[in-house]
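Undergrad: As they're listed, the protein sequences go chains A and B.
With the first letter of the first sequence counted as 1, position 68 gets the number 68 in this note's numbering; the numbers rise by one all the way through.
With the first letter of the second sequence counted as 1, position 229 gets the number 229 in this note's numbering; the numbers rise by one all the way through.
Derived from the structure by calculation, the hints contain no laboratory data.
Covered by chain B, according to a simulated footprint, are these stretches of chain A (three or more residues, beta-carbon under 8 Å):
#: 1; segment: 30-36
#: 2; segment: 40-51
#: 3; segment: 70-80
#: 4; segment: 97-105
#: 5; segment: 129-142
Glycine included, C-beta positions come from ideal geometry on N, C-alpha and C.
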Amino acid sequence: MPAVSMTVNGKAVTGDVEARTLLVQFLRENLRLTGTHVGCDTSQCGACVVHIDGIAAKSCTTLALQCEGANITTIEGLAEPNGPLHPMQEAFREHHGLQCGFCTPGMIMAALDIVRRRGNNLDEHTIREQLDGNICRCTGYHNIVKAIAAGAKAMAKSGARQAAE
Amino acid sequence: MSATGIGASVRRKEDFRFITGKGQYTDDVIRPRETRAVFVRSPHAHAKIKNIDTSAAKTMPGVIAVLTGAELANDKIGNLICGWMIHSKDGTPMKMAPHPALAVGKVNHQGDAVAVVIAETQVQGRDAAEKVKVDYEPLPPVADPAKAKSGPQIHDIAPKNTIYEWALGDAKAVDAAFSSAKHVTKLDIVNNRLVPNAIEPRAALAEYDAGTDQLTLWNTTQNPHVARLVIAAFVGMAPEHKLRVIAPDVGGGFGSKIFIYPEEVVCLWAARKVGRPVKWTADRSESFVTDAHGRDHVTHAELALDANGKILAMRVKTIANLGAYMSTFSSSVPTYLYATLLSGQYEIPHIYCEVDAVYTNTVPVDAYRGAGRPEATFVVERLVEVAARQMGIDPADLRKRNFIKSFPHQTPVIMAYDAGDYNASLKKALELADIKGFNKRRREAARYGKLRGIGYSTYIEACGIAPSQAVGSLGCGVGLWESAEVRVNPTGSVEVLTGTHAHGQGHETTFAQLVSERLGIPFENVSIVHGDTDKVQFGMGTYGSRSGAVGMSAIVKALDKIEAKAKKVAAHMLEAAEGDIVFKDGKFTVAGTDKSAAWGDVALNAYIAHKFAGQELEPGLKETSFYDPTNFTFPAGCHICEVEVDCDTGKTEIVNWTAVDDFGTVINPMIVEGQVHGGIAQGIGQALLEGAVYDKEGQLVTGSLMDYCMPHAHDLPSFKVGLTETKAPSNPLGIKGCGEAGAIAAPAAVINAITDAIGTEELVMPASGQAVWAALKRAQPRQAA
Chain A
1 MPAVSMTVNG KAVTGDVEAR TLLVQFLREN LRLTGTHVGC DTSQCGACVV HIDGIAAKSC
61 TTLALQCEGA NITTIEGLAE PNGPLHPMQE AFREHHGLQC GFCTPGMIMA ALDIVRRRGN
121 NLDEHTIREQ LDGNICRCTG YHNIVKAIAA GAKAMAKSGA RQAAE
Chain B
1 MSATGIGASV RRKEDFRFIT GKGQYTDDVI RPRETRAVFV RSPHAHAKIK NIDTSAAKTM
61 PGVIAVLTGA ELANDKIGNL ICGWMIHSKD GTPMKMAPHP ALAVGKVNHQ GDAVAVVIAE
121 TQVQGRDAAE KVKVDYEPLP PVADPAKAKS GPQIHDIAPK NTIYEWALGD AKAVDAAFSS
181 AKHVTKLDIV NNRLVPNAIE PRAALAEYDA GTDQLTLWNT TQNPHVARLV IAAFVGMAPE
241 HKLRVIAPDV GGGFGSKIFI YPEEVVCLWA ARKVGRPVKW TADRSESFVT DAHGRDHVTH
301 AELALDANGK ILAMRVKTIA NLGAYMSTFS SSVPTYLYAT LLSGQYEIPH IYCEVDAVYT
361 NTVPVDAYRG AGRPEATFVV ERLVEVAARQ MGIDPADLRK RNFIKSFPHQ TPVIMAYDAG
421 DYNASLKKAL ELADIKGFNK RRREAARYGK LRGIGYSTYI EACGIAPSQA VGSLGCGVGL
481 WESAEVRVNP TGSVEVLTGT HAHGQGHETT FAQLVSERLG IPFENVSIVH GDTDKVQFGM
541 GTYGSRSGAV GMSAIVKALD KIEAKAKKVA AHMLEAAEGD IVFKDGKFTV AGTDKSAAWG
601 DVALNAYIAH KFAGQELEPG LKETSFYDPT NFTFPAGCHI CEVEVDCDTG KTEIVNWTAV
661 DDFGTVINPM IVEGQVHGGI AQGIGQALLE GAVYDKEGQL VTGSLMDYCM PHAHDLPSFK
721 VGLTETKAPS NPLGIKGCGE AGAIAAPAAV INAITDAIGT EELVMPASGQ AVWAALKRAQ
781 PRQAA
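Same shape as in the complex, but just chain A:
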């Protein structure tokens, strides 16, 4: 089996994987980073969104071997261990932007990418359009939209890093 090396949440990791191994399988099964979820098999739901070199990507549609040398950030890597939460995480809690929590890691990682692309002042229409790649079955999105708008603003204030820079 070929070997793959990458940086995940700031740590260098290597592993032997079958060529067909998906990034999400590598994260969940090899690294036991189970915060990244799999909700579908057609790249629709977005529960698996992580950042590859700072850009949101669906880890269910990315081969682990494609990520050779890449810098990956997952939901587990957003906040420093024992440090404060990332403002976007805090916004999801404050605005009740989650219920069952299963889509949440992907939502938060996708939200950060919206901020990266569209800035910190996000209107409702922009957020709704930009969330096309993520599905939530619990919240009706109402509070997710509020959370992302508030999280984006809070990031500007705190000067929070976008994510995996």
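Starting from the structure of chain A, add chain B where the hints point.
TA: Relative to chain A, chain B alone:
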């Protein structure tokens, strides 16, 4: 109101683990030496299995075992069952066909499992599953419920594919009322079939400990104790005390995770057979053809009214598709959860409803958010709206003329409504929706080429499921009470063990709010424990908006006992008579004195037992209760939907949504609003976007998220949500329940709004752009007033 007590929008305890990726869902649980199960599933909707050849699969790398239904039967593993007995009009019992966890001899729907591969890894399992050769002889299928009775017979036990022909109400009285009616409104309604699609796919992980002969199942279930009971007592997998079921974090349920499915049975059986843990996690394509679907009714409904728009009677005939097998509670959904709600919020003297439940070669159908009540509400609210339009009466006014105004109110279909104020919620909704400005908005929309319409849905639901004797008399195989255990620790912190289960509802927060307020202790000092049959005594789980009304009532009862016991301890500590002890704000005081003991001191004294003799008072501070409700609860409200339809494309945009609901007492408004939002989204999904479609061959053509249209953020508006309140008299907190309201109310509001805009009542769900465009072509749009 304290910052963390009843009525406060406390931020959720459970969120930290979810926003940091530390949730533990079933697929996240990893056991040493675990293997993976991959199922071989039928590509045919209906076929004989002539042979299964597993020899090539068994030689594939990483394969530990390949097992079939024949071996399952040899090992005397029993069938899955439906736990609610319905009798037909003629008194005959429903026709429950055998449902083995792995098909034997015949497959009855696309996705029916015929074999399972147990392998070291999932990909090895998949490779091997492709090598299992199944020789099928295809049979003609039937998927359309309206054609089921004349279709090929699926099960020997059920001629004409008929499970039951059930009826409720007084047919003669209804006929008489119709013959005297001034106006009759008739509608043909298809309540579209839905796929629940909780974002976490179903999963099961089974482990066998040969040393203790103990089986453990981690499972995506809404009711772990019921799963254990059924798997032990009916499937016969293991004695109940030798089976532990754990429902860890569960990523949404919406009903679909109530039921006992073949996969958990097979994983348990295989784990014992191969002597290693066995895990199965559905991929989404598998979820589409194995998770129980929802709705799927074909209905003809009629409403009789007098000249003043007063409703005289209702007549409903429904064919309900239950799919290829009877799922766990499937029989109850189109009967006692449906026809009993046909009175809506209205005083209707006579109602008669016939329901024929049929088998088809489709995935089993069972409860999905609302379960029967959305179907009933759609019938009632469409009838009322259309009747108003036909009679030239304002739809809000027609509703008001017929609202039930005094309580208790006995409907002609079993339910006794105990409290409500339907005028209040309608009035508030009309204000919030700025109904007075609607005509102006309609005229403005017309100027930019859009048809604007408005639709109401004044719904009612029966929640707080349910009084055990009542449901027992209707055929339910279990009681629907709930249990609670309150454990006060020597340091004064508290664990509450509840038989309900949360999969997004926030029980860890709301239940802790109740305990914090009642005992006057910090919210942080309360933990809620659920979802593990080894920790929690028997409980009935979460569905039917029951966790607040029934589950929290059980906690209240246990807290009453805790207080009574703690007062005895305090009396000994304070050397006072028990009757003189007053408990308030976490402090025990001797009435009329300044002598007091803090909560923590009393808790400690209960355990060290130095101040009283064990003969007069048992040490410890832990109480249990089983609470059985005395009635259903009846949440009700008014949802108003305002739409704009694009004449050229038929595309509908929801421009305003107003919801005013009466849920009785609200513990956490933030969480309740979130439940309303989510329910509305699912209801809008049903009305505009979602629909499971089978072709003539019984193939599910909407079998992935590419083909089945789930609501996305850009499909939905933000919602205006308001509350009114009449307390539920049947439980100590006055809670009615909020989980299903949105899904129940929304579809009728959407369709009433679109049909108002386009000027024809002939519109099917989902009202896609194409469907609305086609309807528009058949109709003359209503002109702006």
